[in-house]
Amino acid sequence: MSGHDRPQSLRERKKVRTRLAIRREAFRLFAKQGYANTTVEQIAEAADVSPRTFYRYFGVKERLLISDDKISPIVEAFIAAPKELPIVPAYRHAVGTVFDGLTQEERDDFVAGEQMMYAIPEARGLVYTEYVRLIDLIADALTDRPDGPTDEMERRVVAGAIVGVLIAASHNNPFPEDVLLRSLEILGRRLT
Amino acid sequence: MGTFPQGVVAFMADGQKPAHIRFGEKSLMMETCLVSAPDRSSSLRERKKTQTRLAIRREAFRLFETQGYANTTIDQIAEAAEVSPRTFYRYFGVKEALLLSDDQRSPIVEAFAGAPRELTVAAAYRHAVEEVLGALSAVERVDAIAGQRILYQVPEALNLVYTEYVALIDSIADVLRDRLEEDVDDLERRVIAGAVVGVVIAAAHNQPLPQESVSRALTILDTRMS
Numbered sequence: 001m002s003g004h005d006r007p008q009s010l011r012e013r014k015k016v017r018t019r020l021a022i023r024r025e026a027f028r029l030f031a032k033q034g035y036a037n038t039t040v041e042q043i044a045e046a047a048d049v050s051p052r053t054f055y056r057y058f059g060v061k062e063r064l065l066i067s068d069d070k071i072s073p074i075v076e077a078f079i080a081a082p083k084e085l086p087i088v089p090a091y092r093h094a095v096g097t098v099f100d101g102l103t104q105e106e107r108d109d110f111v112a113g114e115q116m117m118y119a120i121p122e123a124r125g126l127v128y129t130e131y132v133r134l135i136d137l138i139a140d141a142l143t144d145r146p147d148g149p150t151d152e153m154e155r156r157v158v159a160g161a162i163v164g165v166l167i168a169a170s171h172n173n174p175f176p177e178d179v180l181l182r183s184l185e186i187l188g189r190r191l192t
Numbered sequence: 193m194g195t196f197p198q199g200v201v202a203f204m205a206d207g208q209k210p211a212h213i214r215f216g217e218k219s220l221m222m223e224t225c226l227v228s229a230p231d232r233s234s235s236l237r238e239r240k241k242t243q244t245r246l247a248i249r250r251e252a253f254r255l256f257e258t259q260g261y262a263n264t265t266i267d268q269i270a271e272a273a274e275v276s277p278r279t280f281y282r283y284f285g286v287k288e289a290l291l292l293s294d295d296q297r298s299p300i301v302e303a304f305a306g307a308p309r310e311l312t313v314a315a316a317y318r319h320a321v322e323e324v325l326g327a328l329s330a331v332e333r334v335d336a337i338a339g340q341r342i343l344y345q346v347p348e349a350l351n352l353v354y355t356e357y358v359a360l361i362d363s364i365a366d367v368l369r370d371r372l373e374e375d376v377d378d379l380e381r382r383v384i385a386g387a388v389v390g391v392v393i394a395a396a397h398n399q400p401l402p403q404e405s406v407s408r409a410l411t412i413l414d415t416r417m418s
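In order, the protein sequence lines correspond to chains Y and G. Reading the first sequence from the start, the letters are residues 1 to 192 in my numbering. Reading the second sequence from the start, the letters are residues 193 to 418 in my numbering.
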């Protein structure tokens, strides 16, 4: 999800497009011949870029599976959410803002990425690692929220509850926006 | 989740399908919960089985640590544990199954279902964690700690960790059908289950035996959640 930072320059827009093209071709190849059997060279060739370009954009093949910036724009929007919103509604607001800002192309990429994630077992460990990272980021961001708990353990608990709800709503759900927002609304009512 | 997610089955598919489908349905204990079930077995035969299981895991972890998970074969593990490869397969089915140590339906989920009715969700789950982890024998404790350490080192294990947490959300949501009033709908049950599991993840990640931090975290959740 890279909708939050709307690319400004032509150069930026081109970068986003190259990224999306590489992921699109990679997903096509994964679906056709399997993740493990697909090499970086094949992906680069299909996307009309050099392997070097591939590595510049993604580093390793596994990185393809995590849609770029899926996390940080939401955390940024969470910190910037209206101060009067309590924690969970502020997070819900952030999710809504970032989803709304996606272009159709980014939305398609996101859906394809989510589908891949659940089809490729190697991706699950990454998903887990990303969720753990998100707990850290939210716990950190809570120090910037007016009603963020002062105790570190409390911040981790609140962050954990939010992320657990994200997992529950997102798993095997290619485009979980609606369920996600409804789930966060419920959590907002139950968690103070 | 009654069936194991397709991807993981594919990942583990080396002709062992039935074993890990069974393994998936058992909704293995996670993290805090990823420890052997307390030995409630009465018979000598049952105790022997538990000992064999623990011995295989112990030797496997030792080999994983010295030569890496991917480089360790089932034959090597069986030899080190002084059992036949056939016995190994009977106990674990696939190598990946070593990383998760449950051998019955998650005792924590069962203890959660059986926790006193008057307890809130978070308090009941905490009660279950304490009951099950508190009942571990010294040997099981050592096994659990070794298992946890391996879990965070082996990339293949993290795939399972994620899968099992998702299964845990499903199991808890299922139990909540009985623990909560009837007007609480499916989505709301999933939200509550998700919050509990998220808090467990936050407290358990990278902790060798996270009983204490999970208990504390669930106490905090309990004061904040209605």
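Be careful, since some hints might not be right.
[Said to hold, decoys possible] If you want the footprint, here are the derived chain Y segments under chain G, 3+ residues with CB under 8 Å: (1) 16 to 26; (2) 128 to 135; (3) 164 to 173; (4) 184 to 192.
[Claimed, not checked] Derived DSBU-like pairs (lysine-lysine); straight-line CA-CA distance at most 35 Å: (5) Y/Lys-83 / Y/Lys-61; (6) G/Lys-287 / G/Lys-241; (7) G/Lys-287 / Y/Lys-32; (8) Y/Lys-83 / Y/Lys-32; (9) Y/Lys-61 / G/Lys-287; (10) Y/Lys-14 / Y/Lys-32.
If you are wondering where the hints come from, they were derived from the structure by calculation, not from laboratory data. If you're wondering where the values come from, they're calculated on a predicted model, not measured in any experiment. No residue lacks a Cβ here, since even glycine has one placed at the ideal position from N, Cα and C.
Looking at the structure, which of the earlier hints fail to hold? Violated hints: 1, 5, 8; rest satisfied.
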